[in-house]
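Peer 1: Start from the sequences, fold in the hints, and give me the full structure.
In this text, residue positions in the sequence shown follow this note's numbering: the first is 280, and each later residue adds one.
Treat the hints with care, as some may be off.
What the hints assert, rightly or not - Calculated cross-link-like contacts (lysine to any residue; reagent style SDA-like; alpha-carbon spacing at most 20 Å):
#	residue 1	residue 2
1	K305	H364
2	K484	S423
3	K484	R519
4	K365	G394
5	K311	D296
6	K470	T409
7	K328	K365
8	K365	V306
9	K311	Y291
10	K312	T339
11	K470	A503
12	K305	K328
13	K470	A445
14	K328	V306
15	K470	R496
16	K312	E301
17	K365	E392
18	K311	G286
19	K305	D290
20	K470	G499
21	K328	L302
To be clear, the hints were calculated from the coordinates, so they are not data collected in a lab.
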Amino acid sequence: NPLSRLGFCDDYGLLPDVTSHELDLKVSLSVKKHASFTMLSGLLSANTKLESLSIRSLDTEHIEPLAQALRINRTIRTLTLHHQHKTHSSEVSLPVQKLNGASGDESIAIRGELGRISTAVVGHLIAANTSLEELRLGRTQLGSEGGNIFEHLTPAFANPASRLTALDLSDNQLGDRGGAKLFAALLGGVKSNISRLSLASNALKDETGRAMNDVLRADGCTLASLDLSGNQISGLLLARAVKFSTSLTQL
280 NPLSRLGFCD DYGLLPDVTS HELDLKVSLS VKKHASFTML SGLLSANTKL
330 ESLSIRSLDT EHIEPLAQAL RINRTIRTLT LHHQHKTHSS EVSLPVQKLN
380 GASGDESIAI RGELGRISTA VVGHLIAANT SLEELRLGRT QLGSEGGNIF
430 EHLTPAFANP ASRLTALDLS DNQLGDRGGA KLFAALLGGV KSNISRLSLA
480 SNALKDETGR AMNDVLRADG CTLASLDLSG NQISGLLLAR AVKFSTSLTQ
530 L
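Peer 2: Structural data, given as structure tokens:
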């Protein structure tokens, strides 16, 4: 209910005097259940006191209800997501009111370590944002998972009013696995409005270069500016990109 005013509930620890809330879904197993988490999300959408929210062990099924709530909420400034990996733990703080478009920012930079879940949360949060033009995800340690970025941003690209056209993925250790996957997604028909793309300093080599050239030759390619500095793609493949692309204006 987008018009709901019900934002407080004792069972979830959401009280009128609580401005910061932390939730561990590995500990709060009852909240982790889909129906219960959906109820929590409904409360968050109407909550008018909470300013920061921290969640540990968020799962895929929780992304859409959480993002739907945070696209409506106008007081939560920061969503901090914690994840435990095999070798380390990660944390990223997301500026909610910037991502959901309430602040009207045209350029947003994310700091911290992004993973599959947190990147998908970003994509769902900006789904209704009509002011964002540039998303900067440089140095967020995406690794090869960064190759799935266009799938994660699909909710934003599906919005005909979206103005997002610039994406910075520089210095993310994508490697050829991530780079080739990224261009393969574009070639496979994933919708994208991106015209400016930075892939600088990502250890990209010729496997990525070949996939890139396939995209640049394809009809309907939107890429006009492409930053490949600090990579190891051969001069021959770069020359082909210049020779055959009809969309590139800057390389």
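Peer 1: State for each hint whether it applies.
Peer 2: We went through each hint and held it up to the structure:
1. About 14 Å separates the Cα atoms of K305 and H364, which keeps this hinted pair within 20 Å; it holds.
2. Between K484 and S423 the CA atoms are separated by roughly 13 Å; this keeps the pair inside 20 Å, and the hint holds.
3. About 15 Å separates the Cα atoms of K484 and R519, which keeps this hinted pair within 20 Å; it holds.
4. The straight-line distance between the Cα atoms of K365 and G394 is roughly 13 Å, inside the 20 Å bound, and the hint therefore holds.
5. Using a Cα cut-off of 20 Å, the hinted pair K311 and D296 is violated, with the two alpha carbons roughly 24 Å apart.
6. Between K470 and T409 the alpha-carbon distance is near 17 Å, which keeps this suggested pair within the 20 Å criterion.
7. Proposed proximity of K328 and K365 is contradicted: the alpha carbons are some 36 Å apart, above 20 Å.
8. Simply put, K365 and V306 have alpha-carbon atoms about 19 Å apart, close enough for the 20 Å limit, and the pair holds.
9. At roughly 12 Å between alpha-carbon atoms, K311 and Y291 fall within 20 Å of each other, so this suggested pair holds.
10. Between K312 and T339 the CA atoms are separated by roughly 12 Å; this keeps the pair inside 20 Å, and the hint holds.
11. A hinted pair counts as satisfied when its Cα atoms are at most 20 Å apart, and K470 with A503 qualifies at roughly 16 Å.
12. The suggested pairing of K305 with K328 is violated, with an alpha-carbon distance near 25 Å, which exceeds 20 Å.
13. Among the hinted pairs, K470 with A445 is consistent with the structure: their alpha-carbon atoms are about 14 Å apart, no more than 20 Å.
14. Between K328 and V306 the CA atoms are separated by roughly 24 Å; this puts the pair beyond 20 Å, and the hint is violated.
15. Proximity of K470 to R496 is assessed by CA-CA distance (about 16 Å); at most 20 Å being required, the pair is judged to hold.
16. Distance check on the hinted pair: K312 and E301 sit about 17 Å apart at the alpha-carbon level, within 20 Å; holds.
17. Proximity of K365 to E392 is assessed by CA-CA distance (about 15 Å); at most 20 Å being required, the pair is judged to hold.
18. This hinted pair checks out: K311 and G286 have alpha carbons roughly 19 Å apart, not beyond 20 Å.
19. Taken as a hint, the K305 and D290 pair is honoured in the structure, with Cα atoms around 17 Å apart against an allowance of 20 Å.
20. Our distance criterion of 20 Å between C-alpha atoms is met by K470 and G499, whose separation comes to about 10 Å.
21. Straight-line distance between C-alpha atoms of K328 and L302 comes to about 16 Å, which keeps the hinted pair within the 20 Å bound.
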